[in-house]
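Protein chains: 2
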Amino acid sequence: MSRIYSNKVTLDKVGESVHLQGWVQKRRDLGGLIFIDLRDLKGLVQVVFNPDVSAEALKIADTVRSEYVVSVKGEVVKRDDKQVNKNIESGEIEVYAKEIEILAKAKTPPFQISEDNINEDTRLKYRYIDLRRQKLQDILRTRYQINKAVRDFLDQEDFMDIETPVLSKSTPEGARDYLVPSRVYPGEFYALPQSPQIYKQLLMLSGLERYYQIVKCFRDEDLRADRQPEFTQIDIEKSFTDIEDMIDMNERLIQFVMKEVKGLEIKSPFPRITYDDAMSRYGVDKPDTRFDLELQDLSEFSKTSSFKVFKNAVEANGLVKAIVVEGASDKYSRKDIDKLEAFVKNYGAKGLAWLKVNEEGLQGPIAKFFDDAETSKLQETLNYQTNDLILFVADKASVVHAALGNLRNKLAKDLDLIDDEQYNFIWVTDWPLLEYDEEADRYTAAHHPFTSPRKEDIEKLETAPEEVKANAYDIVLNGYELGGGSIRISDAELQEKMFKALGFTDEERDRQFGFLIEAFQYGAPPHGGIAYGLDRFVMLLTGSDNIRDVIAFPKTQNASDLMMQAPSDVSEEQLKELGLKVDVEK
Amino acid sequence: MSRIYSNKVTLDKVGESVHLQGWVQKRRDLGGLIFIDLRDLKGLVQVVFNPDVSAEALKIADTVRSEYVVSVKGEVVKRDDKQVNKNIESGEIEVYAKEIEILAKAKTPPFQISEDNINEDTRLKYRYIDLRRQKLQDILRTRYQINKAVRDFLDQEDFMDIETPVLSKSTPEGARDYLVPSRVYPGEFYALPQSPQIYKQLLMLSGLERYYQIVKCFRDEDLRADRQPEFTQIDIEKSFTDIEDMIDMNERLIQFVMKEVKGLEIKSPFPRITYDDAMSRYGVDKPDTRFDLELQDLSEFSKTSSFKVFKNAVEANGLVKAIVVEGASDKYSRKDIDKLEAFVKNYGAKGLAWLKVNEEGLQGPIAKFFDDAETSKLQETLNYQTNDLILFVADKASVVHAALGNLRNKLAKDLDLIDDEQYNFIWVTDWPLLEYDEEADRYTAAHHPFTSPRKEDIEKLETAPEEVKANAYDIVLNGYELGGGSIRISDAELQEKMFKALGFTDEERDRQFGFLIEAFQYGAPPHGGIAYGLDRFVMLLTGSDNIRDVIAFPKTQNASDLMMQAPSDVSEEQLKELGLKVDVEK
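Protein sequences, first through last, are from chains A and B. In this text, residue positions in the first sequence follow the working numbering: the first is 5, and each later residue adds one. In this text, residue positions in the second sequence follow the working numbering: the first is 5, and each later residue adds one.
Calculated from the structure, these hints are not laboratory results. None of the values given here were measured: they were computed from a predicted structure. Heads up, some of the hints might be wrong.
One copy or two, it doesn't matter: identical chains are merged, so the pair holds either way.
Stated by the list, open to error - List of simulated lysine to aspartate or glutamate pairs, DMTMM-like, C-alpha gap at most 25 Å: (1) K585 - E225; (2) K12 - D249; (3) K12 - D252; (4) K129 - D230; (5) K501 - E511; (6) K173 - D587.
Next comes chain A alone, as it looks inside the complex (with noise of 0.2 Å):
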């Protein structure tokens, strides 16, 4: 007889005897009986232990305790109506038990399966018991679902699944490489890869026109809640394409995945935002449009303004906005206000002007700056109505926006404004292709160094680096950056002068790329691409908040590894072999 998993004992096995093998989740005595909920794989089935049916198998049984793991043999039979379970698939059924096994015994393990509120470095130290959890299981399957419809997707499309090396070169742009020290070369070192870009764009070189890979990326950097030291990217590339045909193709496939993960249509073409447009409306470049709230712009209003505030920072190129949050002047007392202005100051904002729109008109602190004709312009611009709180920014640009942009996020979730159910989908377009960095003094390419400008503003490279626009995309799901791409630049001329833009010297450039531009000579199709974050679509499909969660073996924000008690110590003979010499105090 084999084995048959708890999800399939239903109602048209009653009667038949049946092999069920998998962990005790729960064991209750009652009357002279004995239950146990066995946990498989596919989730839960009810056994029952009657000495009638088998008192040999009561007798070991009862020596069961939570986590053993048994083989059992009995028969289905159907639940009394009062016992039927609607939560598990087995519901409406119980096995009589005739034989079980004990397979293996278990202490009680450091916590319960079922308990939810476990300090997260004991789950990560027990994450094979963590693991255990039907909320991290149910996460793994999408994750897994989400994989293979991108491709059985790519796969109808022609991409073929290439692997580029995981040790490969160190380069000086982007975040911190993971080193490895080479012992064939003592002293010299691969890097582990931040992304497989050159080697995806060399295919493209080489003809094979339709690249994918899922593929693990590395980058030491300082962790945040949302990152780890290695994540994985949906890393794709195509030759002979545009921004419309990969706008097209990745809708597609967004839809196909949508629909075979969620069970959901997605409609196409999805909205689009330039860059700049979204910065202005929402204050950040990967806006969340389930909901309101957009920034409104009082600079024009302000230029007049007898609020020296709000002048001033006009006058000082600066900007003044406004979120009108409907209905919500009672929701929020001064103090819930000064809560917010301790926020947005995070975000280097030097205060919160705020009005609440009463029956009798404008109240706040601020309300006094503005007589009627003001207060009439206000309103026109703003549209505001009674029972309305408005918040404002005065700042400059960069400023006005962070702060505004993630209030506007904030107020969201507070006030309970998204639906969860939700999946709005944005294109980001029109991206600055350079970004200056203050520290360095100089221009960093906002995407990366192989990003194409737009054609009408290559002449800007030289002479107006900051308004040269980027061939660039991002797909943005609820406010966060899902993935991004563009088109690259396969001209070796224009590589050259991209890499003079952001400040190499013709000798750092050979030393670096010059491999890659001695390539771009010998028959460069014009190509493109994109790279999804897959641990973050895994966390926006299953509504995971920590990125822990979504990977089966995690680093901490430490970027340690609490089961196995990585990183550790090495031996001496180990280093001597890669000539190399630990330099530090411990």
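We have chain A already, so just place chain B on it with the hints.
For chain B alone, coordinates are given in the frame of chain A:
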């Protein structure tokens, strides 16, 4: 008009307009016309530039050179019967170009794409050009097809692809680890995994039951022709399984792959052979059964032989074995046989005795040692025929097997006994659990320390470790180890015994594997698995004898990347952050 692949431009498109994009493989000028072989992902198509169709296109075509990237629009025309090219899918038509656009020019490449005998270092330096070759593209396509077939099969069988960490922990067992210095904990290191073995077993303890991954693994070993520092493993683990179940499932997996990739039906069950039999009959643990030439045991015969070399070998507890090479007496001159002798000396043999069977009887330097009675006994044992060549090695067992086992493979190749179209999958079972490592003066795990011993042999772990057989199985294809697996230890006590047999002190065991032994105490299901070498699989299915041909961006035998020039120096700053100093004279 959307772009069409070259292989789709066939007779049914005659009269239609098509849009092609690709590389100029070849240009020929002929009687005022220009012919271009246009190459794209799917093959070649002939484009004709004719002044009567478009003088302008002809003019542009005249400037085109090899490896230019072009976009062509034109009309599909049937070729004259005489011009039909059966070697390409579009060989019955040609395209009369109306428009051509040069998308990218190309310098003369460092070697011709069609050339086959290019120095490998040059090929590796210009890998992106080398990868334009049909042969390499076909190999990568086969690699992808194997990958996809494996995924499709395992998905049907309820397996989930689950990613395991690349930044892992250094362990002293097995090969040398690649290390990754930690910046957060200067002086400490991660290691790149040699396999996800421990992680996949922990997933079984988590109740995930069916795991797979196609995953990069790493070994910092001195490279042989068929090794790479990073290689790809098809890694599978299953709970509630046993040897028969694993063998059955893997036979179905292989049948599925062979059907999908090669269109071949492979019969099951596959033949099985024990390790001892494989060594005895083929001299190796991975026999190629596509040809005969089995090793024949002459130890009994030698006991009473008057040929001292044979007799002495047997009396010293050694062996005498022979290979009878049918009808080969004329094919090997004395000089040829000297070469064979030099060959077996590589495997430690002191010499290679031989006899040829003539019409008149045995001939050769040792013939004189055998009188009529002995000759007749030899004939009875070896059952040789006139014109056979008999090759003997007398030595200790390990030398006899290594020498004759490798000689057997060489003879089959030399004599062209191998059918390249044949795929002989066989299982090698009943492996020894432990091997004695003379240098370290202790036992090491023949597979790895997590392989379970046969139940009936557990007692011998302490008393006669060398006699303990493992629940292990290797799948061998045409004389190569394609994969290996085992039923694992799932009992903490037995795992402790195993570490003891391997010479671990309690302290060493606890420090290195304490968390694993603890894990086994929380309810460990019986489980087992297998890992296939994907690179090897691709080599065997594509007939490649160079592992670098089956990897998109391989390393040299010195583990260096000639294209990217890795490994390389890194900055003092990077090293300082890691708490490291290079300690080597350069």
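Verification of the supplied hints:
In this homomeric assembly, K585 and E225 come within 25 Å of each other (Cα to Cα) both inside a single copy, at 23 Å, and across copies, at 21 Å. Proximity of K12 to D249 under the C-alpha cut-off of 25 Å is restricted to the inter-copy arrangement: shortest distance 20 Å between copies versus 44 Å within a copy. Within a single copy, K12 and D252 get their C-alpha atoms only as close as 40 Å, which misses the 25 Å cut-off; across copies the closest is 23 Å, which meets it. In this assembly of identical chains, the alpha carbons of K129 and D230 lie at most 25 Å apart only when taken from the same copy (20 Å versus 38 Å across copies).
Proximity of K501 and E511 under a CA criterion of 25 Å is satisfied intra-copy only: 14 Å inside one chain copy versus 60 Å between copies. Within a single copy, K173 and D587 get their C-alpha atoms as close as 24 Å, and across copies as close as 21 Å, so both meet the 25 Å cut-off.
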